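Peer 1: Residue numbers (full-length UniProt numbering), protein chains in the order written: chain A, 1 to 315; chain B, 1 to 285.
Just so you know, the hints here were simulated from the structure itself, not pulled from any lab data. The model shown is predicted, which means the values in this text are computed figures rather than measured ones. Among these hints, one or two may not hold up.
Here are the simulated DSSO-like cross-link-like pairs (lysine-lysine), alpha carbons at most 30 Å apart as the crow flies [claimed, not checked]:
| no. | chain 1 | residue 1 | chain 2 | residue 2 |
| --- | --- | --- | --- | --- |
| 1 | A | 45 | A | 271 |
| 2 | B | 98 | B | 47 |
| 3 | B | 39 | B | 25 |
| 4 | B | 36 | A | 240 |
| 5 | A | 7 | A | 240 |
| 6 | A | 236 | A | 119 |
| 7 | B | 39 | B | 87 |
| 8 | A | 106 | A | 256 |
| 9 | B | 146 | A | 256 |
| 10 | B | 103 | B | 146 |
| 11 | B | 98 | B | 36 |
| 12 | A | 240 | B | 25 |
| 13 | A | 256 | B | 103 |
| 14 | A | 7 | A | 45 |
| 15 | A | 292 | A | 271 |
| 16 | B | 39 | A | 256 |
| 17 | B | 98 | A | 240 |
| 18 | A | 292 | A | 75 |
| 19 | B | 87 | A | 236 |
| 20 | A | 240 | A | 45 |
| 21 | A | 240 | A | 256 |
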Amino acid sequence: MPLEFEKPILELEKRIQELKETARTTGVDLEAEIRLLEERLARLKREIYGNLTPWQRVQLARAPGRPTTLDVLEKAFQDFLELHGDRAFADDPAIVGGLAYLEGQKVVVVGHQKGRDTKENLQRNFGMPHPEGYRKAMRLMDLADRFGYPFLSFIDTPGAYPGVSAEERGQAWVIAQSIQRMGRLRVPAVAVILGEGGSGGALAIGVANRVLILENAWYSVISPESCAAILWRDAKEAPKAAEALKLTAQDLLRFKVVDAIIPEPEGGAHKDPERAIQNIKEALLKTLEELKGLSPEALYQDRYRRFRALGVYQD
Amino acid sequence: MALERLFRRKRPSGENRDIPELWTKCEACGAQLYKKEFKENLYVCPKCGHHHRMPVWERVESLADPGTFQETTRLAPLDPLGFVDTKPYAERLQAYQKETGRKDAILGGTCQIGGVPAVLLVMDYAFAGGSMGSVVGEEIARGVEKAAEEGRALVIVAASGGARMQEAALSLMQMAKTVMSLDLLWQKRLPYVSILTDPTTGGVTASFAALADVIFAEPGALIGFAGPRVIRQTIRQELPEGFQRAEFLLKHGMVDRVTDRRRLKGEVVRALRHLHPGVPYAPGV
Ligand SMILES: [Zn+2]
C-alpha cells in the first residue's frame, strides 16, 4: 500500500516496467529511454526521500511491513526465548519480552509489539499496553538486574491504552513504577525507538543509558493527531502538529532526547527490513561496547545524569 | 512573608466594591456562598462539600505552618521548540504569566508542616492547566534535591492536565527526570507525601505524583492517566458513574486516603510525623 507522497515514484516505476515489457515483447531497442527514466527515478527518490516532512516520517514510522520488536528479536538475536505474564493479572500481548543472545552476549529484551496484519493488530491491541504489560516489563528488568545482563528495549507504541480497564488497574501508577524501575537498573540499558514513541507508554521502557532511534521513527509527548485535536481542535491538522512537535529523529538528537540515529534504507525500513534490522544490530553492539567498562553504580549514575540534564529553561 | 505576597498579588479590579462580588456560587449545588466564608472554608462548599479548585498561595497557607514558607521556585520557561499552533507558545506563556503573576505552573519552597521541616511544591492549574514542562520538571527535581540535602520531607500538591504539549519530548523527559530524582529521598529515608487534587492526569499522575510514600486524594478529584474524553472516544461508550474520581481510585487501591480538605493538613502532618526518622513519637496533632 503506497503512501500518498510516494505515488509519483510508483508511477514512474510502473512506466519503466512497462517500457521494459514493451522492449522485451517487441524487440525494439528502448535502452536509452529506459536509462533516462531510471535516472529520473533515482533523482525523484532522492528528492522525495531526502526531504521528508515530519508528517511523512510519521507515516513511514507506521508503514505496514516495518520491522516490529519480534522481527528484530528473530533476526538480529539468537535463541530468543519469550517469557509471558506479569505474575499478577494477565499476559499482555502488546508487550513482549524474554531472554536472548546478541552475538553471543546474554541479554534481557522487552518491546512493544504491534500486529503485522489486522487480525494480529487486534490481538496485540495495536501495540497499546495495559498495566500488565508494564508489569511484565518490570519483571524482566528485575531479571536483568538479578543476573547482571544488559537490558534492551524496543519502543513502538502509539501510547499506553486509554481505556476503562487500564485505568481501573492503575495505568498511571505502573507507568510511573516502570520509569522508576528502569531508572534504577544496575546493568547497561539501551532503548531503540523502532517506529512510534507515543508518550508515557513509550517512556515507561525508555529510561535507558542510551536511547537510539530509527531515522524515520518519532517520539513525543502526544501523537500528532491528538495534539491537533486539542490545539487546533481538528485531528486533520496532524501534519501541522507533527511539524510543531519537533518529533523527528534529527530534532530529538538536537534536544539530546536521543543519543544516536540508526539509518534506514531509502524509502523507509519497510522497503528493506533485513537491512534495517542489520543496522539496528550494529548500533546495539556498538552501544553495548561503549557501556561495557562501567560499573553497576556508574551505569546508574550515568542514566541519572542523562535524564537529570534534560530540559530547557531560564534560571 | 506569604501574606505579603498575597497582598502584592493582583486582584481582579472591582472586587469588594460591588455587593454581588461578595458572593459566589457553588459549582456543584449552586448554593449562594459568602466569599469570605467560602475562602475560610478552604473553597469547600459548606452546603454540599464540593471541593473547588484553590489558588496556590492559599493552598500553601493551608498546609505550611504560619510564617514559615520561603519560596524557592524561580525558573522561567523558554520556548525551545518555537512552538506555534493557533497562537505562538511564547504568547501563551506571557498571557498565563500575566494572568497568574507566576512564571510557570509551580510554586514551591521550604517550610514547616506541623513542625516537620519540609519542601512544599504546589502545582498551579491556572497556569496552562498545571502542565509540566521543563520548568515544572526542573523545579520538582531541585525541590527533591533540597529536601534530600537539608533532611526535609517532600510534599507535592498535584493539579495538572499532564505534560506540556508545547515542549513535546522535553516535557515527556521531565517524567523520567522527576521520578529518578526521588531516589535521593529513598537514599536518605525522607518521607514523600503526594496530594492529588482536581484534576491530576496524564504525565503528572504517571510520574512523580504516583510514587509517594503516602498518597492523599481530595474528594471528587478527577485522577487518572488518560482524560475521560479520550477514553470515551476510544471505547465509544459512556463511562461508569464516578469513574476516575478519587473515591474510585481508593476503591481500586491506587491512593491511601481520600481526605476532606478541611482535615487534610492534620492527616498530612500525622503521615509526616509517622515517617520522618527525625521526629520522635508524637501522636495526634
Ligand atoms: Zn455546593
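Peer 1: For each hint, tell me whether it holds in the structure or not.
Peer 2: Hints versus structure:
For the hint pairing residue 45 (chain A) with residue 271 (chain A), the CA-to-CA distance comes to about 13 Å; that is within 30 Å, so the pair holds. Only pairs whose Cα atoms come within 30 Å are accepted, and residue 98 (chain B) paired with residue 47 (chain B) is rejected, the gap being roughly 34 Å. A threshold of 30 Å between alpha carbons decides the hint, and for residue 39 (chain B) with residue 25 (chain B) the separation of about 12 Å falls inside it, so the pair holds. Annotation: proposed proximity of residue 36 (chain B) to residue 240 (chain A) is violated, straight-line Cα distance about 47 Å (limit 30 Å).
Taken as a hint, the residue 7 (chain A) and residue 240 (chain A) pair is honoured in the structure, with Cα atoms around 21 Å apart against an allowance of 30 Å. The hinted pair formed by residue 236 (chain A) and residue 119 (chain A) meets the criterion: a straight-line CA distance of about 27 Å does not exceed 30 Å. Distance restraint check for residue 39 (chain B) and residue 87 (chain B): the Cα-Cα separation of roughly 35 Å exceeds the 30 Å cut-off, and the hinted pair is therefore not satisfied. Only pairs whose Cα atoms come within 30 Å are accepted, and residue 106 (chain A) paired with residue 256 (chain A) is accepted, the gap being roughly 29 Å.
Our distance criterion of 30 Å between C-alpha atoms is met by residue 146 (chain B) and residue 256 (chain A), whose separation comes to about 26 Å. At roughly 20 Å between alpha-carbon atoms, residue 103 (chain B) and residue 146 (chain B) fall within 30 Å of each other, so this suggested pair holds. Between the alpha carbons of residue 98 (chain B) and residue 36 (chain B) the distance comes to roughly 25 Å, so the proposed pair stays at or under 30 Å and holds. A hinted pair counts as satisfied when its Cα atoms are at most 30 Å apart, and residue 240 (chain A) with residue 25 (chain B) does not qualify at roughly 41 Å.
Pair hint residue 256 (chain A) plus residue 103 (chain B) holds up; C-alpha atoms about 25 Å apart against a cutoff of 30 Å. Restraint check: the Cα-Cα separation between residue 7 (chain A) and residue 45 (chain A) comes to about 11 Å, which is no more than 30 Å; the hinted pair holds. With a CA separation close to 33 Å, the supplied pair residue 292 (chain A) and residue 271 (chain A) exceeds the 30 Å bound. A C-alpha spacing of about 45 Å is found between residue 39 (chain B) and residue 256 (chain A), which places the hinted pair above 30 Å, so the restraint is violated.
Note on residue 98 (chain B) and residue 240 (chain A): the hinted pairing holds, with a Cα-Cα distance of about 28 Å set against a maximum of 30 Å. For the suggested pair residue 292 (chain A) and residue 75 (chain A), the alpha carbons sit about 23 Å apart, so the restraint of at most 30 Å is met. Using a Cα cut-off of 30 Å, the hinted pair residue 87 (chain B) and residue 236 (chain A) holds, with the two alpha carbons roughly 18 Å apart. Note on residue 240 (chain A) and residue 45 (chain A): the hinted pairing holds, with a Cα-Cα distance of about 24 Å set against a maximum of 30 Å.
Restraint check for residue 240 (chain A) and residue 256 (chain A): the C-alpha separation of about 23 Å stays at or below 30 Å, so the hint holds.
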